[in-house]
Amino acid sequence: DAKTTQPTSMDCAEGRAANLPCNHSTISGNEYVYWYRQIHSQGPQYIIHGLKNNETNEMASLIITEDRKSSTLILPHATLRDTAVYYCIVRRRRGSNYKLTFGKGTLLTVNP
Amino acid sequence: DVKVTQSSRYLVKRTGEKVFLECVQDMDHENMFWYRQDPGLGLRLIYFSYDVKMKEKGDIPEGYSVSREKKERFSLILESASTNQTSMYLCASGLAGASEQYFGPGTRLTVT
Chain A
696 DAKTTQPTSM DCAEGRAANL PCNHSTISGN EYVYWYRQIH SQGPQYIIHG
746 LKNNETNEMA SLIITEDRKS STLILPHATL RDTAVYYCIV RRRRGSNYKL
796 TFGKGTLLTV NP
Chain X
124 DVKVTQSSRY LVKRTGEKVF LECVQDMDHE NMFWYRQDPG LGLRLIYFSY
174 DVKMKEKGDI PEGYSVSREK KERFSLILES ASTNQTSMYL CASGLAGASE
224 QYFGPGTRLT VT
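The listed protein sequences correspond, in order, to chains A and X. Residues 696 to 807 (the working numbering) are what the first sequence spells out, left to right. Residues 124 to 235 (the working numbering) are what the second sequence spells out, left to right.
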């Protein structure tokens with residue numbers, strides 16, 4: 696799986712958009728960008744994934760640059776419950792290696 | 124919504140006891156996983172199963188065994204609990220061939 700780089704921490708005001716960046720300059724053509732988050736003392740939660748087009752679901756939007764070397768997860772209206780560690784992972788979608796490996800991620804703190 | 128449930132949120136056991144952790148998913152997923160998560164060590168795969176009665180070792184299978192008699196249920200067994208198995212145990216499930224994994228809430232096991 697390609698290496699990713701994320702900021703250690705970020706703050707966001709409640710009700711504002713949270714934009715979480717991720718760099719993955721060594722991504723290869725068949726690798727997807729995945730985002731998970733982990734709220735304190737809970738299991739990780741899958742958020743969204745994408746290959747090259749922007750993606751949106753009920754939780755978030757994922758913007759991938761044209762060269763695919765970086766991406767941004769957007770939480771459009773952050774709430775206090777969005778405070779969590781956010782993990783960006785780059786991996787093939789189908790393959791025999793199913794193991795998920797999280798890096799250190801970004802601790803997003805949403806402030807009232 | 125995918126639902127992955129784990130039998131206990133918190134568990135305290137004594138050294139040498141046999142411990143059963145159970146995980147149930149309701150989305151007919153082929154793949155199921157057991158991880159443990161420790162501060163500074165991240166997520167580590169113990170075992171995974173890609174079908175009923177099928178299992179493969181992950182990175183740290185020593186001291187653990189698993190059982191998958193039904194598609195929806197995946198059990199982790201600590202044959203003789205030791206203090207170094209004190210950890211957060213996370214179960215996850217996913218579709219065959221896909222990288223998205225859906226996690227349960229976790230079981231915080233303390234072995235005294």
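Treat the hints as calculated values from the structure; they're not laboratory data. Certain hints may be false.
Here are the simulated DSS-like cross-link-like pairs (lysine-lysine), alpha carbons at most 27 Å apart as the crow flies [as the list claims (entries may be wrong)]: (1) X:Lys176 - X:Lys194; (2) A:Lys794 - X:Lys194; (3) X:Lys176 - A:Lys794; (4) X:Lys194 - A:Lys799; (5) X:Lys180 - A:Lys698; (6) A:Lys747 - A:Lys698; (7) X:Lys141 - A:Lys799; (8) A:Lys799 - X:Lys176; (9) X:Lys193 - X:Lys176; (10) A:Lys794 - X:Lys178; (11) X:Lys141 - X:Lys180; (12) A:Lys794 - X:Lys180; (13) A:Lys698 - A:Lys794; (14) X:Lys193 - A:Lys799.
Evaluation of the provided hints:
no.: 1; hint: X:Lys176 - X:Lys194; in the structure: 9 Å, holds
no.: 2; hint: A:Lys794 - X:Lys194; in the structure: 19 Å, holds
no.: 3; hint: X:Lys176 - A:Lys794; in the structure: 19 Å, holds
no.: 4; hint: X:Lys194 - A:Lys799; in the structure: 32 Å, violated
no.: 5; hint: X:Lys180 - A:Lys698; in the structure: 24 Å, holds
no.: 6; hint: A:Lys747 - A:Lys698; in the structure: 17 Å, holds
no.: 7; hint: X:Lys141 - A:Lys799; in the structure: 33 Å, violated
no.: 8; hint: A:Lys799 - X:Lys176; in the structure: 34 Å, violated
no.: 9; hint: X:Lys193 - X:Lys176; in the structure: 8 Å, holds
no.: 10; hint: A:Lys794 - X:Lys178; in the structure: 13 Å, holds
no.: 11; hint: X:Lys141 - X:Lys180; in the structure: 20 Å, holds
no.: 12; hint: A:Lys794 - X:Lys180; in the structure: 11 Å, holds
no.: 13; hint: A:Lys698 - A:Lys794; in the structure: 15 Å, holds
no.: 14; hint: X:Lys193 - A:Lys799; in the structure: 35 Å, violated
Hint violations for this structure: numbers 4, 7, 8, 14, all remaining hints satisfied.
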